[in-house]
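Each chain, written out:
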Amino acid sequence: MVKVSSWGRLDSHEHDLVPLSDRDQAVRAVAGSRGLAQGNARSYGDVCLNPDGRLWRMTGLDRFIAFDPATGRLRCEAGVLLRNIQRMSIARGWLLPVTPGTQMITVGGAIANDVHGKNHHVLGSFGDHVLGLRLARTDGRVIDCGPDIEPGWFAATVGGMGLTGVIVEAELQLRRVSGPWLVTDTVPYRNLDEFFALADSSEAGWEQTVSWVDCLSGIGRGLFFRANLAGIPDREAQSGRKPKRVPFVPPVSLVNGLSLRAFNETYYRANVLKAGYAIAHFEKYTYPLDNLHDWNRMYGPRGFYQYQSVVPREAGRVAIQAMLETIKASGQGSFLAVLKTFGDRASRGMMSFPRPGVTLALDFPNRGERTNALFDRLDAIVRDAGGRIYAAKDARMPRDLFESGYPRLAEFLQYRDPGISSSMSRRLIGS
Amino acid sequence: MPDSLQRIVIVGATSSIAEHCARLWATGHRPVEGALALTLVGRDAGRLERVAADLRVRGATVLVRTVDFSDPRAIRLLTDGIVADGMPQQVLIAHGSLPDQQQCQRDLAAAYEALDVNGVSPVLFAEAFAGHMEPVGGVITIIGSVAGDRGRRSNYVYGAAKGLVTRYAQGLQHRLAGSGSNLKVVLVKPGPTATPMTAHLPQKGLAPVEQVARQIVDGSAAGKPVVYAPGKWFVIMMIIRHLPAFVFNKMNI
Ligand SMILES: Cc1cc2nc3c(=O)[nH]c(=O)nc-3n(C[C@H](O)[C@H](O)[C@H](O)COP(=O)(O)OP(=O)(O)OC[C@H]3O[C@@H](n4cnc5c(N)ncnc54)[C@H](O)[C@@H]3O)c2cc1C
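Chains as they are written, first to last, in full-length UniProt numbering: chain A, 1 to 431; chain B, 1 to 253.
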């Protein structure tokens, strides 16, 4: 048994960690066993944990199987990191259509949480580009599924939080790109009305949109970032940055009211001055935190939560305003505060998080009761607005909010693998 | 085939360390002159093919060969065949398995197999390739282990096999130095590394396999006689080797 924690470092639990490193062996290991697949443990909460139980660690299943540079179809094992795909494919003029804010996640983890990126309004979520996958079940069955083969299994597994079986391999459709460079534009906004106006006017012409919101201002001022692939070929082979590391866990969180207020003020003002167009390497621009290893340590020994919700667009303006005011009043929050609109498209997964609307994501250092009380108030706003909370980031949402947020839950449960269970499934589904 | 083709042969290519070395070569971590062709040698055709497919996607030209690692005649035939197709510039000999010491103590067949696969077999491969490569030069890299530096109660059967590899590599280096050959022999001694072979052990203190692979590829390119990976094991093993027996024998390692 070894201690394992997820990205939020809220606590660590004993697990029977079984690393898988071969596709055939993986199918055999899962058959007749009980456990949960874990990718690179970049989920914040408990979706990738199975305390006192078995974890199949998938990162050793990291082989490419086939890539066709003419069509951009890639088959690979489920433990391949997105970064390794992109570094392999960019040289041949292809990239993943959808990636989250970090590349340090596995293909299996990206499918199981049906992750989204900054281009949701154009390209949807990760599952929209999965051509097929192979699922190993604890009853020994191996199921090949895709949008057109066994579509029920596919829709349950995309966004299925690892609960339908272990994804052993997948086939992905990459997209053609002319090079690694982006044209970017930064536009400051002073309130939520300006944010929504910017979001609306940007969605047609800009493929990536996201914004940083000053969570302590209460009024919703922030910086709107938008980007497009630039038609310029490679200027240098690598983005060429030396990784840095947070060397130890500070005894207290470095994120507190004082540091936060100062940071937000400085960050906003510095970017107002820098506003405008620029050229950036996609890795540097899209995954700014990937080169600061172990940044999750800066929240101190008690760890942190991320709270990410999505609310429908109609109710969005009022709900986001209410959440920002609640956060400001609580004096909590962090510099990582992201506000973004999702496009008008339904996800393929029964349990996928993305849905049309507006999403707000914030990190909160764990301050125990105070933080929980704040979450209760935020939950109420999300519930009233008919929204949902993102399971990949969650460690505490109440069951009723899970059930109301994910109306296809009953349908999904028919596909559940009874040998697979996580801390989250026990908390939210009861087994 | 054109002369500029750089041939690298990897024996035991499905081992995790070898696979990561192959990825570094395939992706040009150490750019070679001309096009690169990898020959992967292993026991299990299915697993070899999976490794080969991955390397092909990464951009390498790859051939696979299977062989019985404990059959000297098969090893001879295989190496002769590989060389006949084209002389390799580099050979990496990387196979092995971590036996259970207790089982080796009880079961001579297990002990024999551990000595064979970790000691005798790598030596036979190295000897076969060295014979071909001595006149033309190149690099033969053999993966030994820090366990070969001093016998310890927790794994001395494995350590004895790796000790054999150490002495063999020394002798071969001595022979080549005397003959003025351009063939270099690099002995790599990895410390405990995080691979499927060590998956059942506590993971704390295990070196990441990517890091060890990088040191092997760089050490081979430099033609260093001995590479400890990670480098700190040079110091640790220096101390362990020189501890007097009355101190050493009290240690539970
Ligand atoms: C800095 C940072 C930024 C992020 N930004 C975003 C973002 O912009 N958008 C977004 O959507 N997410 C984002 N995330 C969350 C992250 O993308 C997801 O949590 C992702 O699922 C993590 O993948 P993983 O490989 O680490 O899987 P884990 O976290 O280990 O596991 C995630 C889930 O996948 C399951 N799973 C993993 N592998 C398999 C498999 N082979 N078969 C079956 N189930 C499997 C697990 O059981 C678990 O339910 C971010 C995370 C970080 C740390």
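To be clear, the hints were calculated from the coordinates, so they are not data collected in a lab. Possibly wrong hints are sitting among the right ones.
[What the hints assert, rightly or not] Mimicking DSS-like on lysine-lysine, the simulated pairs with C-alpha atoms at most 30 Å apart in a straight line are: (1) A:K3 with A:K244; (2) A:K284 with A:K274; (3) B:K204 with B:K232; (4) A:K328 with A:K274; (5) B:K224 with B:K204; (6) B:K232 with A:K244; (7) B:K250 with B:K224; (8) B:K224 with A:K3; (9) A:K244 with B:K204; (10) B:K232 with A:K3; (11) B:K250 with B:K184; (12) A:K274 with A:K244.
Results of checking the hints against the structure:
1. Between K3 of chain A and K244 of chain A the alpha-carbon distance is near 25 Å, which keeps this suggested pair within the 30 Å criterion.
2. Of the supplied pair hints, the one linking K284 of chain A and K274 of chain A holds, its CA atoms being roughly 17 Å apart against a limit of 30 Å.
3. With a C-alpha separation of about 16 Å, the suggested pairing of K204 of chain B with K232 of chain B holds against the 30 Å cut-off.
4. Between K328 of chain A and K274 of chain A, the direct Cα distance comes to roughly 26 Å. Compliance with the 30 Å bound is thereby established for this hinted pair.
5. Among the hinted pairs, K224 of chain B with K204 of chain B is consistent with the structure: their alpha-carbon atoms are about 29 Å apart, no more than 30 Å.
6. Simply put, K232 of chain B and K244 of chain A have alpha-carbon atoms about 22 Å apart, close enough for the 30 Å limit, and the pair holds.
7. Among the hinted pairs, K250 of chain B with K224 of chain B is inconsistent with the structure: their alpha-carbon atoms are about 34 Å apart, more than 30 Å.
8. Proximity of K224 of chain B to K3 of chain A is assessed by CA-CA distance (about 39 Å); at most 30 Å being required, the pair is judged violated.
9. Taken as a hint, the K244 of chain A and K204 of chain B pair is honoured in the structure, with Cα atoms around 21 Å apart against an allowance of 30 Å.
10. Of the pairs offered as hints, the one joining K232 of chain B and K3 of chain A holds, with about 26 Å between alpha carbons and a cut-off of 30 Å not exceeded.
11. Distance check on the hinted pair: K250 of chain B and K184 of chain B sit about 39 Å apart at the alpha-carbon level, beyond 30 Å; violated.
12. Using a Cα cut-off of 30 Å, the hinted pair K274 of chain A and K244 of chain A holds, with the two alpha carbons roughly 24 Å apart.
Consistency with the previously given hints fails for numbers 7, 8, 11, ordered from lowest to highest.
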